[in-house]
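Undergrad: Here is how the chains run, residue by residue.
There are 2 protein chains.
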Amino acid sequence: MANITKKVSWSSRCDEFGAVGEETPLLNGSDQARPLRQIGRLSTVDLEEEIIAEEDSASGRPKEIAHNEKLLSLKFESLDYDNIENQLFLEEERRMSFLAFRCLEISRWVICGLIGFLTGLIACFIDIVVEQLAGIKYKVIKENIVRFTEAGGLSISLILWAVLNSSFVMLGAIMVAFFEPIAAGSGIPQIKCYLNGVKIPRVVRLKTLVIKVCGVICSVVGGLAVGKEGPMIHSGAVVAAGVSQGRSTSLKRDFKIFEYFRRDTEKRDFVSAGAAAGVSAAFGAPVGGVLFSLEEGASFWNQMLTWRIFFASMISTFTLNFFLSVYHNKTGDLSNPGLINFGSFESEAMGYNLYEIPLFMAMGALGGLLGALFNFLNYWLTIFRIRYVHRPCLQVMEAVLVAAVTAAVAFIMIYFSVDCQPLAPDHTEEYPLQLFCADGEYNSMATAFFNTPERSVRSLFHNPRGTYNALTLGLFTLTYFFLACWTYGLSVSAGVFIPSLLIGAAWGRLCGILLASTTSTASTWADPGKYALIGAAAQLGGIVRMTLSLTVIMMEATGNVTYGLPIMLVLMTAKIVGDYFQEGLYDIHIKLQSVPFLHWEAPATSHWLTAREVMSSPVICLNRIEKVGTIVDILSNTSTNHNGFPVVVQVSVDDEPAKLCGLILRSQLIVLLKHKVFVELARSRLTQRKLQLKDFRDAYPRFPPIQSIHVSQDERECMMDLTEFMNPTPYTVPLETSLPRVFKLFRALGLRHLVVVDDENRVNGLVTRKDLARYHLGKHGLEELHLAQT
Amino acid sequence: MANITKKVSWSSRCDEFGAVGEETPLLNGSDQARPLRQIGRLSTVDLEEEIIAEEDSASGRPKEIAHNEKLLSLKFESLDYDNIENQLFLEEERRMSFLAFRCLEISRWVICGLIGFLTGLIACFIDIVVEQLAGIKYKVIKENIVRFTEAGGLSISLILWAVLNSSFVMLGAIMVAFFEPIAAGSGIPQIKCYLNGVKIPRVVRLKTLVIKVCGVICSVVGGLAVGKEGPMIHSGAVVAAGVSQGRSTSLKRDFKIFEYFRRDTEKRDFVSAGAAAGVSAAFGAPVGGVLFSLEEGASFWNQMLTWRIFFASMISTFTLNFFLSVYHNKTGDLSNPGLINFGSFESEAMGYNLYEIPLFMAMGALGGLLGALFNFLNYWLTIFRIRYVHRPCLQVMEAVLVAAVTAAVAFIMIYFSVDCQPLAPDHTEEYPLQLFCADGEYNSMATAFFNTPERSVRSLFHNPRGTYNALTLGLFTLTYFFLACWTYGLSVSAGVFIPSLLIGAAWGRLCGILLASTTSTASTWADPGKYALIGAAAQLGGIVRMTLSLTVIMMEATGNVTYGLPIMLVLMTAKIVGDYFQEGLYDIHIKLQSVPFLHWEAPATSHWLTAREVMSSPVICLNRIEKVGTIVDILSNTSTNHNGFPVVVQVSVDDEPAKLCGLILRSQLIVLLKHKVFVELARSRLTQRKLQLKDFRDAYPRFPPIQSIHVSQDERECMMDLTEFMNPTPYTVPLETSLPRVFKLFRALGLRHLVVVDDENRVNGLVTRKDLARYHLGKHGLEELHLAQT
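Protein chains in written order, with this note's numbering: chain P, 49 to 838; chain Z, 49 to 838.
Don't read these hints as lab results, they were simulated from the structure.
Heads up, a few of these hints could be off.
Stated by the list, open to error - Listed next, the stretches of chain Z that the computed footprint assigns to chain P, with coverage defined by at least 3 CB atoms under 8 Å from CB atoms of chain P:
{"#": "1", "segment": "132–142"}
{"#": "2", "segment": "145–152"}
{"#": "3", "segment": "453–460"}
{"#": "4", "segment": "514–526"}
{"#": "5", "segment": "667–680"}
{"#": "6", "segment": "683–694"}
Heads up, the beta-carbon is just placed ideally off N, CA and C, and yes, glycines get one too.
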């Protein structure tokens, strides 16, 4: 077993695979990585690859491969956005009256409303709990500091602070590392993958949600350089996946409602709505939420769907807003639409001039550079973590260490800071620390560190000139940059949005201050708050590289359309500059997991590839009426592990291509085997009830593995008639279709299998997600990723 | 010739069809309309239809059919969003380096920037000219009224007003009716159709733009109940279509740039950007613009495209904003992002309570009802106009009549109004009319009528309580409702957005006033401005029935996310209630033109239809190497007028289906014939240069008709080899594919022709837009529209 290697990955604790005992890291040194060949003649390269793969699989063990981001994992399955229009389905649809469709439509709306409502409630819960706990924590520490400032012995305060932080973080890290590793991080990469059509195991389960919510509270209260916004997106998605199915597999409750929606097509639509509701609750940006979902998930734009997604977003932001207003004793004041909002930028005081736009764009470029640096550091850190920090206890220890270091660094920074500011009569600082400042003054560094990051961002945006001096901001940027970079990827639930905004706001404000000090005229227009906003946008754009949705989110969070153009230009510049060096943070993490992620279009220079070169072949086909034994053998073959099988008129013995007549999925075959839908049995037991769509829906989404289905030796000789269950009209393309054309069809319809046929309609190959995802545009033109079983 | 009937339609002046001399209206009474059969067995109905159609066409004249909205016109052609991936295209793409693709991408961005800039400039031009001219007009009339109020003889003022208005409107109507009828109306239905994939003749020409811009100025200055916002969308689209092609066919100038973009796929993308830029300039709503384009146009969501569209929108709104700020001597104040903006609704003064939401929804329902009434009246008016008012001179006369009546009604309303309001010291009214009010007071009815509608809307939103009394508002709503209804559909360029908002704002404010007067508590929260906003949203939603984009447009125009939820709920209610009675205004006009418009999804209850029943068959196929004579004959056959021809291995004599090997378009064949690409000539003249993609692009989009191409008797005997030019991998579906599945493929990929093949890959039929568009969900279930040659 020494050769079975395993990555510490999103799905590392897949119980499905049973005994995974030891967890040797996959990476035995990336220098072993075979150099990637430039694609010369793909067809030959392809064949070679396949032969190697087959040899390995034949010897019964997955090939040990060096880990790097030039791999595509075969372990991820695809979602099936294409309806399986088999006879059962068509019969059901034909039986349904217009009224029934209306009812379905209404229940979709109800579900979306529920999703929005619950997501808003969760956001509200997180916000209130964090505020309460953080309030207690800061009050205790503040009292302690005040007590020891005069008396000396501030080291005790430091220890208190570090211990408090570490214990919260430890709690969160233990939950995540030991119970549900998929709940780590912001969850945005995972949701991106899910919406892209990749099935990430355990990502939309109830347990994940619970751990995520508790985890994020712990890490924010624990004073890590994290935000609570990213996880909201994941939470919304889980809520959606749960509510829309009308049952919980974890709780073993089936409410017998919404059974029609128990398939990938419908579920993914609801998950889009959930993700949008999450964004909306996090940033008070309902339109931004819709655009986020569309940017990540949409293939075919569906107006009613979009409209429903918008409804969910809207309900979510208003639920949050309403309950928070009740909590703050300002019932009905709906002006705090999100977990974070940037406060209002009044256009008169904060207007910008045309000649500032180049300045903004320069800041965008700087944001792109810093973002690329952040991503680069985080990339190596992640590699390091995958290689060495893969045991849960190590992960918890690292998290605790980070928490302690964060507290210590903050304390030292505050301690040595000499930036004292007079306390305004109506001071907005929640916990002003006097420390060594004169009476009536407070330590300015402390407002940045000794606060939840959301508040710090807001004070950087809105505090009047002179609230911070340049040195404070510079030091703060420097330390927070590295702290945030170290924190992202820890085994705790937390987002990177707020830290990015905070770093950017700090150096943006610094830019504003420097500008004002260099020229005398600039001091009239160089409002530091304005530059903090631009810096925040630049830094966030440089790190996550989202485009349209981020612009709209920022616009909605500032509540001001006037800043639309500069924010957009800044985000564009940051993206262009950043992309030159390094990908976006989420994309890096997706790549490190070797997820077969489909981008929007095929690589521009791939017109010379055709379906013939891209497809997998030969394909395992089934007969219309097939022997049970053959089916069981095919499904049990772990080396191939295919999920879709073309059904042909007659499989020929010499592997000649046969005429296509349908497509059937592994999951369907398993249900058929489980219910023993054999021709012989049907004849003998006439009373046996016909298999219905309901049987497939009940098994969805956790279809049993083939190993759990017992088929006796007698039964193996029976026959199965697939006609009724297969999809008789799968989409096909001819052999000579160019890759961009194949890609477009595949992507636009959200397919999982695309059959490649010759001009006689005979099955020549099958195109799946991995076949398309492995071509990507590298620095040196078109590159092909390796496929790996891990 | 008496039997050749013609509709007065969007494309009534198609010079292509040559001598159209007399313009007898198509409608000889809609009672002649054959009752629509419920679809029983479609296949038989189909056959019957075809036989009738064939009989008619055989006798050489189009069938005279009664006009109603249950028809689909065959005269509209489709855009081809699918790339023709023939050998020429693939060779070009394969030759292109990665750098070349980058350059293309950059030029796309440059074009979008230009589109935004020019659209913004046009909006700015319209705004300034309207403001200047209207200012002069109102000043002249006001002076006149002031002079005659005391002296008596106000009838002279009335005449002056009516004459001034009528002359402006006459000018506009003459331009539109005589020179470019397609420039009439808002242009939104036409752009909707274009983005949907229907080629509307002359809709994106330069001449149309010029007439549109001048026309809209005339009609707004002429005091009609119209707005200048709708036409901006059309203007943006024309700008986009012009700029992106790098040439103007009207001006006969070819700049030899952007030649790559000379095809439907690229052009439609740019037109989307143009429409978005138009919305953005009109309402200061860049995000709303993007969503409008997506809602109307998107099939496959493309992230880079959306991002570019957003860029164009953003540039457009900021160009407008910047130039307007310069014009208003407030350079750099970018707080007026659109032609209309609703002013800022401060959330404190204008907050709403949860218990107001049912009230809002009731107003939404009222808006839906009034909208349905509006649409119903306008529907019959349009039918009337199609039947009787189809000559240009009659159209001009009607427009002049409406202008005079509008002025007269307004005058009478003002004259008899007794609603005097004290003039505030910093009065916002531009032209306060004292009339019979005491000194220091002004006539409140006059502020509503004696003003550009944009200003009236704004004052209804923002004027303090008590500015209008209930009677004034009620009378105003009543008269303006009928005036606006009469005006829409006149042969002038004008939009319906602003009149709808104005009607809604008036009755909304009335609701607010009534509410405040009924209960004593209500007077504290029932701010009339807030109810005016909700009423405006309800009325607009009830008339146009847009959903997502309209919500976002309204949100951006109010500059306030707080009103998002109520606006959305109101628009939803208005749409649901309105849809119960009547379709949206734009949809009605599209239907009256019998445009084969594809909705988002196939009708819900159409699963029992398959490609076999839906497709057109038999199909005219061509051989791979075909005789020139045959091709010319097929193309010249006016009775069929097909645009796409499957290429097969060997056309059999007895109409047996033959094996598919490609698809070729009429336009391609015409270019081939024009350049005489015959096998024999290629052999004899070896020096003849090979046909290139450029030749096709140069001919785009106005391919010559087949009649203009001379083919000698000798040449008719030559052969043409289509292999290189046909698309060798057209999308196909099997015969048994269900209609929703066919529809999804067709819609998602923006196809024009979809070949239906049997299990031997033989051509059995062809599905085009009309085959899919004719199924729609009526009151009594699935209905089928008739196809008509007009």
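Undergrad: Okay, which hints does this one fail, numbers in order?
TA: 3, 4, 5, 6
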